[in-house]
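Chemist: Per the working numbering, the sequence shown runs over residues 1 to 126.
Please note that the accuracy of each hint is not assured.
[Claimed, not checked] Pairs of lysine-lysine, BS3-like flavour, derived with a Cα cap of 25 Å: (1) K122 to K106; (2) K57 to K8; (3) K98 to K122; (4) K98 to K112; (5) K8 to K98; (6) K112 to K122.
[To be verified] Computed beta-carbon distance windows for the label pairs: (7) G45 to A94: 40 to 48 Å; (8) R29 to M120: 39 to 47 Å; (9) A72 to L105: 18 to 26 Å; (10) D78 to R36: 25 to 33 Å; (11) T82 to S110: 18 to 26 Å; (12) K57 to G24: 15 to 23 Å.
Think of the hints as simulated: they come from the structure by calculation, not from any bench. No residue lacks a Cβ here, since even glycine has one placed at the ideal position from N, Cα and C.
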Amino acid sequence: MQRSDIPKPTAAELELLQVLWPLGAATARQVHEAMRLERPGLAYGAVLRLMQVMHGKGLLIRDDSQRSHVYAAAQPRDALQTSLLQDLLQRAFAGSAKALVLAALKTGISRKEREEIERMLKEDDA
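Please take these sequences and the hints and turn them into a complete structure.
Modeler: Now the structure itself:
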């Protein structure tokens with residue numbers, strides 16, 4: 001699957017992926033329990049339905065060999081993030097990485113983050 005072929009997740013799908021990536025592979029029940037830490041009122045059925053939709057879209061893969069299906073992200077986090085970033089770069093910043101970075105730096109970067117970025121840039125120059 002090429003980067004342009006990677007399905008774009010909705011906000012809810014991306015939230016679920018953020019929970020699933022650290023788990024690796026998990027059942028809908030395991031994902032539901034992990035998501036309830038942040039959203040206590042979240043219904044199991046909603047998580048299961050979302051995971052089924054995501055499987056249909058190609059965002060998740062599913063192992064049907066067990067009684068409880070086990071799901072995993074179809075793409076590693078970095079691959080999906082790169083795809084989403086490239087899409088944002090083209091659509092919102094006319095392909096200008098400089099404009100994207102400047103916009104990101106203007107949106108409330110912490111002193112710690114700024115120092116880390118400066119350190120990384122200095123290392124690249126060395």
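Chemist: Hints first: check each against the structure and report whether it holds.
Modeler: Consistency of the hints with the structure:
{"no.": "1", "hint": "K122 to K106", "verdict": "holds (20 Å)"}
{"no.": "2", "hint": "K57 to K8", "verdict": "holds (9 Å)"}
{"no.": "3", "hint": "K98 to K122", "verdict": "holds (17 Å)"}
{"no.": "4", "hint": "K98 to K112", "verdict": "holds (21 Å)"}
{"no.": "5", "hint": "K8 to K98", "verdict": "holds (23 Å)"}
{"no.": "6", "hint": "K112 to K122", "verdict": "holds (15 Å)"}
{"no.": "7", "hint": "G45 to A94: 40 to 48 Å", "verdict": "holds (42 Å)"}
{"no.": "8", "hint": "R29 to M120: 39 to 47 Å", "verdict": "holds (40 Å)"}
{"no.": "9", "hint": "A72 to L105: 18 to 26 Å", "verdict": "violated (35 Å)"}
{"no.": "10", "hint": "D78 to R36: 25 to 33 Å", "verdict": "holds (27 Å)"}
{"no.": "11", "hint": "T82 to S110: 18 to 26 Å", "verdict": "holds (24 Å)"}
{"no.": "12", "hint": "K57 to G24: 15 to 23 Å", "verdict": "holds (20 Å)"}
In this structure, only the earlier hint numbered 9 is contradicted, and the remaining ones agree with it.
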